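Work the whole structure out from these sequences, hints included.
Its first residue numbered 0, the sequence shown is counted upward by one per residue in numbering that gives the first Met the number 0.
If you're looking for bench data, these hints aren't it; they were derived computationally from the structure.
Keep in mind that this is a model prediction, so the values were computed, not measured.
Glycine included, every Cβ here is placed at the ideal spot set by N, Cα and C.
Do not take every clue at face value.
[Unchecked claim] DEER-style ranges, computed between Cβ atoms:
| hint | residue 1 | residue 2 | range |
| --- | --- | --- | --- |
| 1 | S345 | P190 | 22 to 30 Å |
| 2 | A363 | T262 | 48 to 56 Å |
| 3 | P279 | G388 | 43 to 51 Å |
| 4 | Q494 | A416 | 37 to 45 Å |
| 5 | S345 | T450 | 22 to 30 Å |
| 6 | Y96 | A363 | 17 to 25 Å |
| 7 | G260 | T450 | 41 to 49 Å |
| 8 | T262 | T488 | 29 to 37 Å |
[Claimed, not checked] With a Cα cut of at most 20 Å, we get these calculated SDA-like pairs of lysine to any residue:
| hint | residue 1 | residue 2 |
| --- | --- | --- |
| 9 | K180 | F489 |
| 10 | K338 | K443 |
| 11 | K256 | E398 |
| 12 | K443 | R386 |
| 13 | K481 | K256 |
| 14 | K148 | Y261 |
| 15 | K402 | Y261 |
| 16 | K320 | S345 |
| 17 | K463 | G313 |
| 18 | K334 | T267 |
| 19 | K320 | K355 |
| 20 | K208 | V218 |
| 21 | K355 | Y333 |
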Amino acid sequence: MNKITKLSAICLVLLFASSCKKDYLETSSSTDVDNTLVFKTTTTSYTALDGMYRITYSHAPAVGYASGTLHSDFGQKAYDVVNDLMGNDMVVNLQGYGWFNRDYQYTERAQLTDNRRPFCIWTYYYTLIKNANNLIYYIDGATGPATDKENIKGQALAMRAFCYYNLINYFQQTYKGNETKPGVPLVLTPPYGDLPRGTVQQVYDQIIKDLNAAEPLLVGKTQDHKSHIDIHVCQAIRARVALTMENWADAASYANKARTGYTPMASTEYTKGFNSISNPEWMWGAEVITDQATIYASFFSHMDAAAFDYAQLGGQKKITKELYSKINSSDIRYKVFTKPTGSPNSAKFPDYCQTKFHLASPSAWAGDYLFMRAAEMYLIEAEALARQGNDAAAKTTLETLIKTRYAGYSAPTASPALLNEILLQRRIELWGEGFSLFDIKRLKTGLNRPTGAGNHGSPNFDPKIYVLAPGDAQMIMKIPQKEIDVNSTFTAGDQNP
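Right under this line is the structure:
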């Protein structure tokens, strides 16, 4: 087993304590623990499942970092911030404390050492994969109800698919047209050895295989908590994947299935801060208990300018004037950004500053993490329908969502105008939720950051990179150097450009 995958291995201490010890992650693999005890029953296996989910929002240990932690590495939402900062629509106000600024400037993606962005993304998703693999591998031998075994295995399979979807999109270009390019190692079954990079096609084939296996196992199972994957979340992951693969029929079908039983949130919910799993539109998220909040090393610390945190200290995240100007002033989404006044509104809230994400109680750092909601499914379904030429159904689907944001909304009747409108509404609706980089890659539009007053650049923090052609190598992460060095199947030629 190579050194990176040792660092990435499941820390089974999570089953019995709130966090992993740093030295355990550095020296031990999950197979060093007696798995016959850990997965002996479905009850203990559910504990392992909960430990896997906790990784999605916990503050990841940073091996070798002076404080033991990185304030830009706090689970899934950290990478959602990266995804948006590497896109067109999110502006960094000022230098601030510097967290995430190198992502915004496209320099962090090429840092090869430990605790830089490629290392953190690589180890985060492979940590989750190792957790999922153990559940998949050992659960059949556990004692307990068959339905519980099915539920646990189904969730683990869907989580593994989710992780590989993110890995392949960070470490390679989009699916279409790049099927034969090198992807990421497919780590599937313990015990683990050194594994080569699978092709993009092989990785996507495994993602679909996992989701196909997960879906029937999750049918009829209750979502015990919104932190857990259920049948709707599994179908939603499938819809995301199908959209990227340009499998329009599956994208539309699975998005429709996934959103069944969910309705778009009311306008009154939209301005509450996107901070609670009680939001009826949320499909999947993490409930962050106050005493487990990671304070400055958290999503809200980097987004909510109202709290005394990194966002307030110069690092405010803003929408571009270019996109803001396309939101109708009667649209509820217009109200989750500060209005331009011609001069700074305040030190805390400069023009175009986001207020979409804010803590319910800044002093208590009380805020849950959003991973998936029904609005995305409406937008996937509408886009996939339009791309199949079914403009009437696409228009109806889009309007069903957007009229809850702006009652007077009316979509174009036919494509290409309708398709362009769907893509615009996707940018507005999902702003700040972690889709920008993957979208400009799959749409092959390249990076085109608008400049001038209210957009990227002076007097805001300089992103350095304003334009990248579709498929530019700078849109993918370099592989951590440690993996190149210790994986016997890798050569220097396996490094991304």
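Comparing the hints with the structure gives:
no. : hint                       : verdict
1   : S345 with P190: 22 to 30 Å : violated (57 Å)
2   : A363 with T262: 48 to 56 Å : violated (30 Å)
3   : P279 with G388: 43 to 51 Å : violated (33 Å)
4   : Q494 with A416: 37 to 45 Å : holds (43 Å)
5   : S345 with T450: 22 to 30 Å : holds (24 Å)
6   : Y96 with A363: 17 to 25 Å  : holds (22 Å)
7   : G260 with T450: 41 to 49 Å : holds (43 Å)
8   : T262 with T488: 29 to 37 Å : violated (49 Å)
9   : K180 with F489             : holds (15 Å)
10  : K338 with K443             : violated (31 Å)
11  : K256 with E398             : holds (18 Å)
12  : K443 with R386             : holds (15 Å)
13  : K481 with K256             : violated (42 Å)
14  : K148 with Y261             : violated (27 Å)
15  : K402 with Y261             : holds (16 Å)
16  : K320 with S345             : holds (18 Å)
17  : K463 with G313             : holds (18 Å)
18  : K334 with T267             : holds (11 Å)
19  : K320 with K355             : holds (16 Å)
20  : K208 with V218             : holds (17 Å)
21  : K355 with Y333             : holds (10 Å)
Checked against the numbered hints given earlier, the structure breaks hints 1, 2, 3, 8, 10, 13 and 14 and satisfies all the rest.
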